[in-house]
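K.L.:
All chains, full assembly: derive it from the sequences and hints.
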Amino acid sequence: MAEQEHKQRPKPAETEAESTQTPPASSVESDKIKADLDSLLDEIDEVLEGNAEEFVRNYVQKGGE
Amino acid sequence: MALAKVMGIETEYGISSSDRHADPVVTSTLLVNAYAQALEHHIAWDFEDESPHRDARGVMRSSSRAPMVERHLANTVLTNGARFYVDHAHPEYSSPECRSPLEAVLYDVAGELIVRDAMEKAQSLYPDAPEIVVYKNNSDAKGQSYGCHENYLLDRSIPFDAVANAVIPHFVTRQIYCGAGKVGQELIDAISLDRYQISQRAEFFEAVIGLETTIKRPIVNTRDEPHADSSRFRRLHVIIGDANCSHVATFLKLSTTALILAMLEDRALPESIGQPLDPVHAVHVISQDPSLHATIATDQGDMTALEIQYQYLEAAEHYLEGADPSFLGGQNQATMALCRWREALEGLEADPESMATTIDWIAKRRLLRGFAERHHLAPTNPKLQVIDLQYHDLRPERSLALRAGLEQLIDPVAAAIATTQPPEETRAWFRGTALSRFPESVVTANWDSVVFDVGEDPLRRVPMMDPLRGGKAATEDIFAKASSAKHLIALLAQEKG
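Chains as they are written, first to last, in this note's numbering: chain R, 1 to 65; chain P, 66 to 562.
Derived by calculation from the structure, the hints in this document are not laboratory data.
No false leads were slipped in.
Okay, derived cross-link-like pairs now, SDA-like style, lysine to any residue, Cα gap no bigger than 20 Å in a straight line: (1) R:Lys62 <-> P:Lys207; (2) P:Lys448 <-> R:Leu48; (3) R:Lys32 <-> P:Asp416; (4) R:Lys62 <-> P:Arg85; (5) R:Lys32 <-> P:Thr422; (6) R:Lys32 <-> P:Pro417; (7) R:Lys62 <-> P:Leu252; (8) R:Lys62 <-> P:Asp205; (9) P:Lys448 <-> R:Asn58; (10) R:Lys62 <-> P:Thr279; (11) P:Lys537 <-> P:Thr484; (12) R:Lys32 <-> P:Gly412; (13) P:Lys207 <-> R:Arg57; (14) P:Lys281 <-> P:Val345; (15) R:Lys62 <-> P:Gln250; (16) R:Lys34 <-> P:Gly470; (17) P:Lys207 <-> R:Glu53; (18) R:Lys34 <-> P:Ala437; (19) P:Lys448 <-> P:Asp254; (20) R:Lys34 <-> P:Thr422; (21) P:Lys448 <-> R:Arg57.
P.N.:
Here's what the structure looks like:
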């Protein structure tokens, strides 16, 4: 029942109410993506192997297959 | 009607040791043996039917050099039906035969767990030995590449030339959603974020069709080794693919290729799909253009990779309106395959960044760009190469793929179960169950047979020449009744009689 009522609520009013209180959805979305990336980069700072040059130099493989 | 697309993935993992003078063959052997020693069974791989030199084009080419079969290295068969062994200087996991794309993703992910487990076991067995680290990638950025191969069951009656024509435009262009991404072009020593490539493997491909896998790598490999009844089946061995960390990318790679092969078998693949005039050049051009705007010359005029992929997708959508989807494991997977495929192409077309949770090369590039920007790094800074490598690091405490926000298709519990339980609808069930039920009686196994020691001469070989036979439905009761391997063989003979 509750779900049906929710569905029947007039859409324009809802959109209007939201838009007066919050920034547009696209900006919220991109802010969230940026925040996600920021915390991801914090984590990378923590787990990244030290001494990059040596690490990269030492990663040598033989061809396979 | 299209044959069931039995499929699987073989992954050669990159391996490194904290002792940089360590021999990679020894390190790989240590890793595989650490895992094998902990198993209940200790069996060898049976090489009797290995013939990697057989060419699907029918004639032996004197210029072709087939890979050597190495018989002396660590080699084991697992109760999930997979093979885990040392190939050249790499640990390799060959998944069991799977009945659908999603199942093949599951067993690919199970392979990652097995290799991770092997790393941990090696460390606890030899606590003072140098640490072994394994990477699910395909190049060392210094000109060495190692493979991630797929296999698909095909109807033998389809001529090989038709197979090649059907898949070449796909293999050239599918990298736009299943490329794993790479900083730079290693073969010209240009390691820079400014030269970011879509695919790890693209630059190593030098031929259109051929038997080789380690030199002059061809877009279409002609190895004719069906590991099954060669009068009925082909096994298309695909060597042009990156190892994916994204489950969705692995699913796309498998499902799109299986769909195209099914359309070929059902004569539903339109002839109007753009054929690249220079496929090798096209593979390179597409990989080197993350903008996705580059065009390649085809028999239909200049086309982008996306345009060619849309041609295949639209043909597949049309085909599945009428075709029985059981070849792909049923309606759900067929629907999922088409939805994911369309989603990928439309996402790539509108804004590639929107695919950062499903496509590896975009997920990785997002980390690289973000990191370079935050720390004001030059595009050639080695730290960016570390990120590239560490994206594929299998250690949970180091892996960047695990942190990149990739969508997970596979439940971790299901993946853990799949490290020991075989797929239920292929002969992998018989192989795996024979091993778990009678570990002391299985002498050797390979893709198409299991050899038992029943306590008296001679050894008994159970052939499995049809990949779809030997599943749970057909053999569960026999295994339940069998009190010993000898009894199992007797029951199988009765069944056959």
